[in-house]
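Heads up: the sequence shown at position 77 corresponds to 107 in the numbering used here, and the numbers run straight through without jumps.
Treat the hints with care, as some may be off.
Derived DEER-like restraints, expressed as beta-carbon distance ranges [stated by the list, open to error]:
| no. | residue 1 | residue 2 | range |
| --- | --- | --- | --- |
| 1 | Leu769 | Asn1108 | 54 to 62 Å |
| 2 | Pro1024 | Tyr1106 | 32 to 40 Å |
| 3 | Arg108 | Tyr1106 | 45 to 53 Å |
| 4 | Val983 | Glu314 | 45 to 53 Å |
Mimicking SDA-like on lysine to any residue, the simulated pairs with C-alpha atoms at most 25 Å apart in a straight line are [said to hold, decoys possible]:
| no. | residue 1 | residue 2 |
| --- | --- | --- |
| 5 | Lys354 | Thr577 |
| 6 | Lys400 | Val922 |
| 7 | Lys904 | Val922 |
| 8 | Lys189 | Thr360 |
| 9 | Lys400 | Gly359 |
| 10 | Lys400 | Gly432 |
| 11 | Lys764 | Glu999 |
| 12 | Lys830 | Thr577 |
| 13 | Lys381 | Tyr932 |
| 14 | Lys141 | Met179 |
Think of the hints as simulated: they come from the structure by calculation, not from any bench.
Fair warning: this is a prediction, and the values are worked out from it, not measured in the lab.
Think of the CB as a built atom: it goes at the ideal place given N, C-alpha and C, for glycine as much as any other residue.
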Amino acid sequence: CSTWGNFHFKTFDGDIFTFPGLCNYVFASHCNSPYEDFNIQIRREVVEKTPTINRVTMKLEGVVAELTKNAVMIDGNRQLPYSQSGITIEKSSIYVKVSSKIGVVLLWNEKDSILLELNEKYANQTCGLCGDFNGFPIYNEFVSNTIKMTALQFGNMQKMDGPTEHCEDTTSIPTYNCPDNLDDICEKTLTSSAFAECNDLVDVKDYVKACQDDLCRSESENSSCICDTFAEYSRQCAHAGGQPLDWRTSKLCPKTCPFNMQYQECNSPCADTCSNPERSLFCEEHCIDGCFCPPGKFLRTVFDDINNSGCIPQQECSCIYNGKTYSTGTSFSDPCQTCTCNGGQWSCQDKSCPGTCSVVGGSHISTYDKKHYDHHGDCAYVLSKDCKDEKFTILVELRKCGLTDTETCLKSVTLNMNKGQTVRMQNKHNKTNVTMFRPSSFFMIMDTNFGVQVEIQFTPVMQVFVHLDASFKNQTCGLCGNFNNIQTDDFKVISGIIEGTASAFANTWKTQASCPNIQQSFENPCALSIDNEKYAQHWCGLLTDSTGPFAACHYAVNPAVYHTNCMFDTCNCENSEDCLCAALSSYVRACAEKGIQLQGWRADVCSKYTTSCPKSLSYSYTISSCQPTCRSLSEPDVTCSIKFVPVDGCTCVNGTYMDESGKCVPANECPCYYRGSPIPFGEVVHENGRVCTCVQGRLNCIGAPNPTPVCESPMVYFDCKNITAGTTGAECQKSCQTLDMQCYSSQCTPGCVCPDGLVLDGNGGCIPEEECPCIHNEAMYQPGEKINFDCNTCVCKNRKWECTKDQCLGTCAVYGDGHYNTFDDKRFSFNGNCEYTLVQDHCGKSGTVNGTFRVVTENIPCGNTGTTCSKSIKVFLASYELILGEERVSVVKRGENDEVPYTVRYMGMYLVIETKSGLILMWDKKTSIFIKLSPGFKGQVCGLCGNYDGNSVNDFTTRSQSVVENVLEFGNSWKVSSTCPDASSVKDPCSTNPYRKSWSEKQCSIINSNVFAACHSQVEPAKYYQACVTDACACDTGGDCDCFCTAVAAYAQACSEVGVCVAWRSPSICPLFCDYYNQQGECEWHYKPCGASCMKTCKNPSGKCLNDLPGLEGCYPNCPPDKPYFHEDQMKCVSLCDC
31 CSTWGNFHFK
41 TFDGDIFTFP
51 GLCNYVFASH
61 CNSPYEDFNI
71 QIRREVVEKT
81 PTINRVTMKL
91 EGVVAELTKN
101 AVMIDGNRQL
111 PYSQSGITIE
121 KSSIYVKVSS
131 KIGVVLLWNE
141 KDSILLELNE
151 KYANQTCGLC
161 GDFNGFPIYN
171 EFVSNTIKMT
181 ALQFGNMQKM
191 DGPTEHCEDT
201 TSIPTYNCPD
211 NLDDICEKTL
221 TSSAFAECND
231 LVDVKDYVKA
241 CQDDLCRSES
251 ENSSCICDTF
261 AEYSRQCAHA
271 GGQPLDWRTS
281 KLCPKTCPFN
291 MQYQECNSPC
301 ADTCSNPERS
311 LFCEEHCIDG
321 CFCPPGKFLR
331 TVFDDINNSG
341 CIPQQECSCI
351 YNGKTYSTGT
361 SFSDPCQTCT
371 CNGGQWSCQD
381 KSCPGTCSVV
391 GGSHISTYDK
401 KHYDHHGDCA
411 YVLSKDCKDE
421 KFTILVELRK
431 CGLTDTETCL
441 KSVTLNMNKG
451 QTVRMQNKHN
461 KTNVTMFRPS
471 SFFMIMDTNF
481 GVQVEIQFTP
491 VMQVFVHLDA
501 SFKNQTCGLC
511 GNFNNIQTDD
521 FKVISGIIEG
531 TASAFANTWK
541 TQASCPNIQQ
551 SFENPCALSI
561 DNEKYAQHWC
571 GLLTDSTGPF
581 AACHYAVNPA
591 VYHTNCMFDT
601 CNCENSEDCL
611 CAALSSYVRA
621 CAEKGIQLQG
631 WRADVCSKYT
641 TSCPKSLSYS
651 YTISSCQPTC
661 RSLSEPDVTC
671 SIKFVPVDGC
681 TCVNGTYMDE
691 SGKCVPANEC
701 PCYYRGSPIP
711 FGEVVHENGR
721 VCTCVQGRLN
731 CIGAPNPTPV
741 CESPMVYFDC
751 KNITAGTTGA
761 ECQKSCQTLD
771 MQCYSSQCTP
781 GCVCPDGLVL
791 DGNGGCIPEE
801 ECPCIHNEAM
811 YQPGEKINFD
821 CNTCVCKNRK
831 WECTKDQCLG
841 TCAVYGDGHY
851 NTFDDKRFSF
861 NGNCEYTLVQ
871 DHCGKSGTVN
881 GTFRVVTENI
891 PCGNTGTTCS
901 KSIKVFLASY
911 ELILGEERVS
921 VVKRGENDEV
931 PYTVRYMGMY
941 LVIETKSGLI
951 LMWDKKTSIF
961 IKLSPGFKGQ
971 VCGLCGNYDG
981 NSVNDFTTRS
991 QSVVENVLEF
1001 GNSWKVSSTC
1011 PDASSVKDPC
1021 STNPYRKSWS
1031 EKQCSIINSN
1041 VFAACHSQVE
1051 PAKYYQACVT
1061 DACACDTGGD
1071 CDCFCTAVAA
1081 YAQACSEVGV
1091 CVAWRSPSIC
1101 PLFCDYYNQQ
1111 GECEWHYKPC
1121 GASCMKTCKN
1131 PSGKCLNDLP
1141 GLEGCYPNCP
1151 PDKPYFHEDQ
1161 MKCVSLCDC
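Let's have the full structure, built from the sequences with the hints guiding it.
Below you can see the structure in the form of structure tokens.
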């Protein structure tokens, strides 16, 4: 439907009429239905004898937009471009375009013309000047119940006055006497060669007549009115699928364009730009007129949307990195890569880079390959060791140091070299190969001459950072992983299999059999104290604050993980400030490693450490006896027996003692020493059944000590008294789990041991070591047992797993409110309201053929905080486009290609599309999409799902091929349309809607509960729980149960991928109503929590599928033998004849 020029209108059914009204009229509205989807009203005025449209008001699904000549107001705010709630408003060179997911597209040229396109689902449901869309011209518009109406009467009926307005009806249509001898410019132009193709598609008679009427009315012959009619005919032709040629000339209706652009009558509305040079390949709209980049003779030109400087050849495009623009040919370098800008794309060279592994906050471990996990240990663990040449081993001791199980501290770090030389981080004695020094009173560094450097932080809490030379790549093992740039296999254990959870992995690296196996903990320490949570939110919030003291580093080091750790530690610690400052300082240190020095961050937070330096020392010339140290209060000081030549230096004044950091303190501030390790004043130790605290430099214990243990047979008690030096005690007793660990003994420990040669089996018994089982995800398997791991089978032999080495499908999951889990298992959240490329297989690398597929997704939000409720997905395959939306799939065929390269089937809740090329897409018809790719695509794809090369560190590769840290920069680069606004940071919905938080946490706790217990050891639930809470908080305008159910279903789906089937739905929690499909009295349909294998369907009578997809939950029919085939469209079982 359209209106143009001198009050001309064309209805949906094709009538053309003239109605010169100047009031507010309903142009088109949705009527005859219980809910009004859209209502569009227009108002015209006459300026200098030319009618123009001065205001368009539209209401689309509750969003009110008001378009005027130079502003777009949405719900009272000025916004352009706008993209939300499934509505986009953008401005091209000529048109303001409003398009809505419900099927309404409106083009307004800001002057006289409006073109409205409606989805055919609104047939027979419209009112207004556009008519009733019933397919019959004049009926019900100008002939209603046999009564004829004039255009004037019909038009006046659509008037819609404002509350205080009274607008006069138009009473007459002015007529003019036309001279007969008109030079017929109308007919000449409209039937000229430019419109040859159009004349076959759109009847030209009415337009010639409209044009001639305008000529009579206007005084001067070449007025704008006739141009409007020609332009309208051109638009109608393009709308009908034709391609009008350029009819404008320098004399007839000329148009000018900005920059070096050219005016063209028919060109793609999706312009290629520097930031997305492939935009026009995937354009779905018909051509429009406007200003376009000229097609170059040799080079194609694209619009420079980075510097806004018109059209340039693609080779001259600039690149963007971290918000700065680099012109083509320039480069930047990081410690680990050098990148050069090459026509809008970055080409990067990797340098081999040293690895860093750290233990911060007593429980947060980050591996060399940058995998982050938490382990609340209570033992000595192998942090990292050289598994090939055994050049070094680094042990760390993690101990419980608070009242809760999750409060753990790093107690000591030990460096073993060449299979034995030990440097312990308490007795600071020099050994060969190692230089030890304290660059500041907070840190100590152990530097070896073969490429290992251990940096230990003492203040405010003990933390350790290990630097490893790149020559050790691929040959380390331990809690720090294997340093091979692949995150997904960091949990690989000595037995050769990859564990599913952090605790299962870490437990295999303990060095003493007597230590407990640590279970995962689901508690959130911030939930225990409101004050602690507020304190943590305020101070840890500085890390992510985009204007805070740490903001300068956000582009290089993503603060999200540090923020999570900071919240956890600050809430959990007894000394909140120490833990807070430790967490902040570990971020500062990570930034320093990237070469960013954060000056002055202690100005507002953690300032007390800057003023507490040793002032209490007094100088003395000759010190010949050992210093009074805190250590000497608890145990004899080894240095006192050493005679040495007097030295000068500082010593402590009488009555004060030197503590670890070199300060002099009175006895009551001394740490206690327990087995050689310092325990600060006020800290708690759990020892032998007693709880001890440190007072006045001595340990003060409550509770009776455990008596000398009576060892259960077959174990015997080993006492360390009166033995020769070098004998090891119970600390070296092996168990099946620690067989592959060397024993690292610092002193003999008494305890129960197995009789000679036997090892502990983990249940209190002693067995020969060849009978030990294999362990995977904390379950025991006897030799010869088989398990499935991904798509491989593993057999237990001699405590090790021997696995087949098939390549498995990669999976990318997108669910709920923008939660992504890439092919390489990187998780992130990104909420944008545009269309984004999820995955495509041609990525701008030279030499790759044109892509075979591309998957584009768009969020359709609901909820005030912009939360997603459903997704529409477009899949481009060769010459087909599949559109998934509104719970169904529709197909648009683009080219001439007979072979259909895909199959569609329904499995339970999911719609599954499989392509011949190896792409599988599963969609739950709401917000969850799972994409599986065959291994042949490894490293060949790009988009929000990452590049599928096994290394998740480089998953944030932007469209211009640079690797960034910032999620927003990464996500925004994959927008399909460059005119869509960038996503900016998202508020945390639980703090926006605090009243929803407790409900969300309570509902989502099902993920951590016993319902899913079988899965906890296979798939870490923490990330899924967090995503669930966020989504349940965010869905505040309805659909809250949907959001919650989707989030839990995502975890259940991840469980069924690893073979754990959980039936978690119940009548009160997310029920599925399968009985709906049963005919009355029948009972074929049932809910299957873990899906069914491939069914015999009408589309696929053989019942064999390309890929067997296990575990897609939902309603499945059990078809009876007499009707064995399932008819997917009718949703019932039929015999083969009825297919």
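For each hint, the structure was consulted:
Range check, leucine 769 to asparagine 1108: Cβ separation about 57 Å, and the 54 to 62 Å hint holds. For proline 1024 and tyrosine 1106, the Cβ-Cβ distance of about 37 Å falls inside the hinted range of 32 to 40 Å, so the restraint holds. As the Cβ distance of arginine 108 to tyrosine 1106 is approximately 46 Å, the hint placing it in 45 to 53 Å holds. In this structure the hint that valine 983 and glutamate 314 lie 45 to 53 Å apart at CB is violated, the actual value being about 35 Å.
Proposed proximity of lysine 354 and threonine 577 is supported: the alpha carbons are some 18 Å apart, at most 25 Å. Pair hint lysine 400 plus valine 922 does not hold up; C-alpha atoms about 43 Å apart against a cutoff of 25 Å. In summary, the hint linking lysine 904 to valine 922 is supported, as the alpha carbons are separated by about 10 Å, within the 25 Å threshold. The hinted pair formed by lysine 189 and threonine 360 fails the criterion: a straight-line CA distance of about 61 Å is larger than 25 Å.
Of the supplied pair hints, the one linking lysine 400 and glycine 359 is violated, its CA atoms being roughly 31 Å apart against a limit of 25 Å. Of the supplied pair hints, the one linking lysine 400 and glycine 432 is violated, its CA atoms being roughly 28 Å apart against a limit of 25 Å. For the hint linking lysine 764 to glutamate 999, the alpha-carbon distance of about 51 Å lies beyond 25 Å, and the restraint is violated. Between lysine 830 and threonine 577, the direct Cα distance comes to roughly 52 Å. Violation of the 25 Å bound is thereby established for this hinted pair.
Our distance criterion of 25 Å between C-alpha atoms is broken by lysine 381 and tyrosine 932, whose separation comes to about 42 Å. The suggested pairing of lysine 141 with methionine 179 is violated, with an alpha-carbon distance near 29 Å, which exceeds 25 Å.
Violated hints, listed in ascending order, are 4, 6, 8, 9, 10, 11, 12, 13, 14; each of the other numbered hints is respected by the structure.
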